[in-house]
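A.B. asks: These are the residues of each chain, in order.
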Amino acid sequence: MKDLLMNKKRDYYICIIITIVLAFAIFIKDKYILDIFITTLYICIIASAWNIMCGYTGLISLGHAVFAGLGQYTSTILFLKFSVSPWIGMFAGAIIAMFFAFFIGVLTLRLKHYFFTLATIALGTIVQVLAIKFANLTGGSVGLSIPFRPSLGNMMFKEYQSYYILFLFLLFTVLMVTAYINRSRLGMSLIAIREDEVAASSLGVNLLKSKVIALCISAFFTSIAGTFFVQYSLFVDPEGAFNLELSIKAAMLSLIGGAGTIFGPLLGGAILGPIETFLRGWLGSTFSGAYLIIYGILIIFVVLVMPNGILGAITDTMYNKMKKQK
Amino acid sequence: MFTQLIVSGILLGGVYALLSIGLSLILGVSKFVNFAHGDFVMIGAYMSFIFYIRCGLFPYYSWPLVILCAMIFGAIIFLVAKHTIGKKAENQMLLTLGLSMILQNSMLMIFRSDYKGVPSQFGSSINIGSAFFSQEQIIIFVIAITTTIAFLIFIQYSNIGRAMRAVGENRNTSKLMGINVKKVDLIVFLLGTIMACFAGALLITIYPTTPTIGSAYNILAWIMVILGGVGHLYGAFFAGFIIGVTETLTGFYLGADLRQLVYFILFVIILVICPEGLFSRFSFRKVKRE
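So the protein sequences, as listed, match chains A and S.
In terms of the numbering used here, the first sequence opens at residue 1 and continues consecutively.
In terms of the numbering used here, the second sequence opens at residue 1001 and continues consecutively.
Since the hints were made in silico from the structure, they are not lab data.
Keep in mind that a hint or two might mislead.
Derived pair list, reagent style DSS-like, types lysine-lysine, alpha-carbon separation capped at 25 Å [to be verified]:
#, chain 1, residue 1, chain 2, residue 2
1, A, Lys112, S, Lys1087
2, S, Lys1031, A, Lys112
3, S, Lys1082, A, Lys112
Fair warning: this is a prediction, and the values are worked out from it, not measured in the lab.
Construct the complete structure from the given sequences, taking the supplied hints into account.
C.D. replies: Written out as structure tokens, the structure reads:
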């Protein structure tokens, strides 16, 4: 048992086990429950992608919805205007998102942390305003809707199960990449940056390069998740695509679950996703923002009581126990 | 028309200066990264609105009450926030983001999302040369600018003000020199919150308010602080006027929906050209702050 826990490949095994367990959900017949599963997976993917950059370096981005939105818009516009398959469009969107990430990263990542946070918020607003202004390309504030023509080439399916598999595969990829980065030179540099920038820099870590690469990887996966989601919802508008709330949610989920760990964001999503759906169903008729108050209280609690998140707190206590036994 | 726009921009900038100095103070002295400052503005606006609806008091008369309430509010915020002062900036950011979510959504629950405003008390407008101004604009400008200047004098010459500047310079050394740093933190928080709430109470007379407006004011305050230079109070003061004039000019020539775009392009330009702030080179400080 101890050998397994200390094994270098442990994280990869856990990824595979989680994916297999989650794969059993395709036997669910109820469309409503499957929809909850898919939206939870979507937010988990975004939170995990957020974690690659922001969890490991401790720099908080509140603009990840922009990357998702760029993925949504690019693939949709390519599909509607030039009838390019979303399978190609998703990479086009990812490249645009990476370009934006590179731009914002090079500009702000050499400054203090809150410059980066503010710049990501600013980027969100700029892109949102531009999306409304360039109405003949993006459909303005009305948005674009995709005609439903189910086929594999169009990445549209009649059954929800296919979408579920698509999202699950993406989640699996993100988790595997995170697990790889966790042990790689890049991950080590990022953790060193989080702990002490000056010390990391003096030991030969290229601060800006590491951060920008991590941000680009993060933007890549977020954008692809955006494309998948637009193929699922078949509708995109500026208000929904570049929503600050989604960015904040991605940040909150991974921080509550445990930022800078591989499975923290997934845990946070698994706990908070269903809570949100439940609260929306329960209080939605009288008051829609109730779940945001609960999120706010939770995040304050997490910051004050367990700054490393739930998973961080668990590993800390386990570590302390092991120390005592020795 | 151009003079009209410039002057009304300056009048607006007076209130914005009040807003940005509060944030600059909290950031400069306590090193606390506050992402809920705009929500404090929103809370101040609603305080003023409640006094108008319940007691029939116009914001020009109810402001002492608003300041009193803001003090209590600031003390409550400080009770939560003091645990993160001196710790990692990410924690402060998250704490204030959580706070902002709670404040916005509970205000949404109480007041709903429609815009609330205080009707004009004065009918006639004043014209100076070719430009017209409503009396509200001038009154709130005078109140705001008096408060701000009084505050700057207070920081410059009073003992508490000196203590604040010392803490902003170096926390540990000022502790060793016998300054009660926790007390200074509390005073800084109270002053910052009061100024934000006060700015909100003044702004409700010209701009109707809604619970989610806090995010917009928050970004605005941060852009002003960065424009003026982080922790640089006079810089924040002048940045208020720059943003005020920019806002009226873009609002007129480009349309209100592009206003935010201009702010952010301004923000990105500052980041590229002089991340230290526009006024840093006029500062007497030669040693870079950590």
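A.B. asks: Decide, hint by hint, whether the structure agrees.
C.D. replies: Verification of the hints:
1. Of the supplied pair hints, the one linking Lys112/A and Lys1087/S holds, its CA atoms being roughly 15 Å apart against a limit of 25 Å.
2. For the given pair, Lys1031/S sits about 12 Å from Lys112/A by alpha-carbon distance, which is consistent with the 25 Å threshold.
3. A threshold of 25 Å between alpha carbons decides the hint, and for Lys1082/S with Lys112/A the separation of about 22 Å falls inside it, so the pair holds.
In terms of the numbered hints stated before, the structure departs from none.
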